[in-house]
Each structure stands twice: as C-alpha cells, then as structure tokens.
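Construct all of the structure, not just a fragment, from the sequences and the given hints.
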Amino acid sequence: MSMLTATVKGAATRDAILEQAYGIASSAGLEGLSIGPLAAAVGMSKSGVFAHFGSREDLQLAVLDMASQRFVEYVLLPALQHPRGLPRLRAIVDAWFDWARHTEGGCVLLGAVSEYDDRPGSLRDAVVDQQKRWHQVLGKAVQLAIDTGELGADTDTAQLAFEIYGVALVVHHDSGLFGYDSATERGRRAYERLIRSYASSPTA
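Going by full-length UniProt numbering, the sequence shown opens with residue 1, and the numbers climb by one from there.
Hints are supplied without guarantee of correctness; some may be wrong.
As the list claims (entries may be wrong) - Here are the computed lysine to any residue pairs in the SDA-like style, where the Cα-Cα straight-line distance is at most 25 Å: (1) K46 with G85; (2) K132 with Q69; (3) K9 with S47; (4) K140 with S182; (5) K9 with L61; (6) K132 with H102.
Stated by the list, open to error - FRET-style restraints, in silico, Cβ to Cβ: (7) D15 with P83: 33 to 43 Å; (8) R124 with P83: 15 to 25 Å; (9) L194 with Q81: 18 to 28 Å; (10) S45 with D98: 30 to 40 Å; (11) Q136 with E104: 25 to 35 Å; (12) R124 with R101: 25 to 35 Å; (13) E57 with G152: 42 to 52 Å; (14) Y74 with L177: 38 to 48 Å; (15) H173 with L80: 39 to 49 Å; (16) R193 with P83: 57 to 67 Å; (17) A12 with D147: 39 to 49 Å.
By construction, these hints were calculated from the structure, which means they are not laboratory data.
Note that beta-carbon positions come from the ideal geometry of N, C-alpha and C, so glycine has one too.
Structure representation (structure tokens):
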C-alpha cells in the first residue's frame, strides 16, 4: 500500500468514526460518547479508534468542531447569498430555525452548552469560543442592517444579537417538545416583533 493510499484510507476511517460519533452525540450529548461502544459501532477495536483520536476528549473536541462546521454550512453560508441588511439577517434566522428540524436527536452545539457551562476545561473553552464566534456573526449581520438604514442607528448590536439568540433557543427547545411547525411559527412572530422594535422606520 502506498503512502498516499494509506493516508486516504486513514482519513476515510477517521471520517467514518466521526460520523458515527456525531450521531451518538446528537442524541446522548458529548458526554454520552464512549470509546468502547463507538468502536463496536464502526467495527473497530478500541485501539483502532485511539489511533485516530488520542483520547476521548480529543474525540469530543473533533465532534464539536464537526458540529460547528455543519452549522455554519447549513445556516450561515446560504444566508450570505442574500443582500446585506434585514434580508440576510432573516435568512440566517430562518435557516437557524430550520436547523432544529435538520438535526435528528438534537443540536450538538446547544447540548454542549448545557453540558459544559459549569465544567472548566478544554471542552468548555471550545464551547465558549464557538458561542462567542456565533454571537459575533449575529452582531455583524445586525450591524449591516444598521448600515443599510433598516435598523435604527442607536441599535445595540450585541443586545439585539442576544435577543435573537434567545428566540432561536426557545424555537429549538419547543420544537422537540411541542412540534417544529408550532415552535417556528411563534419564533418567526417573535423575531418580526423584535425587529420592528429596533427598526428605523415602521416599514423596515
């Protein structure tokens, strides 16, 4: 086997392990990941899994990174095709709401917030970093809507980003309990009311 073939095969194996681990974490959380059951699920030995991930924590961090990448690809990147301002901000929020339906079992990112909010360590640091970056993305989208004149010039970008996050959080929470359609309908109404309260004019 050539070095290139071995490298490609190794990457494919790592991806398969990560995919299985992501599925487990979606329903059981990152703390629900265990090397033994994961190895059995992918038809490998524990040592085989450890060859790709040096520790359980390394695996958890890799799954968290995968979740973040998928979230960005599903929510943010398509929204960037929309015009700057409220059209782009609405596209972000709509896709964020839809993410609740897209993630079978639950959102790894939101689950990680609950799991590690009060547990110091590398995983908490990674969760905090991911959440900060997302708040910054929202804040930037809000700022663009201010720049286009659709939101008031005195809008506090961090505050509005915080409030939008709160609406999205409730949508994800209620989707699992009461159904996606009901949660999304209420979420969109809450979002539009929120935006109107910051709008520079009644028609924004």
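Of the numbered hints stated earlier in the document, which are not met by this structure? Hints 1, 4, 8, 14, 15 and 16 not satisfied by this model.
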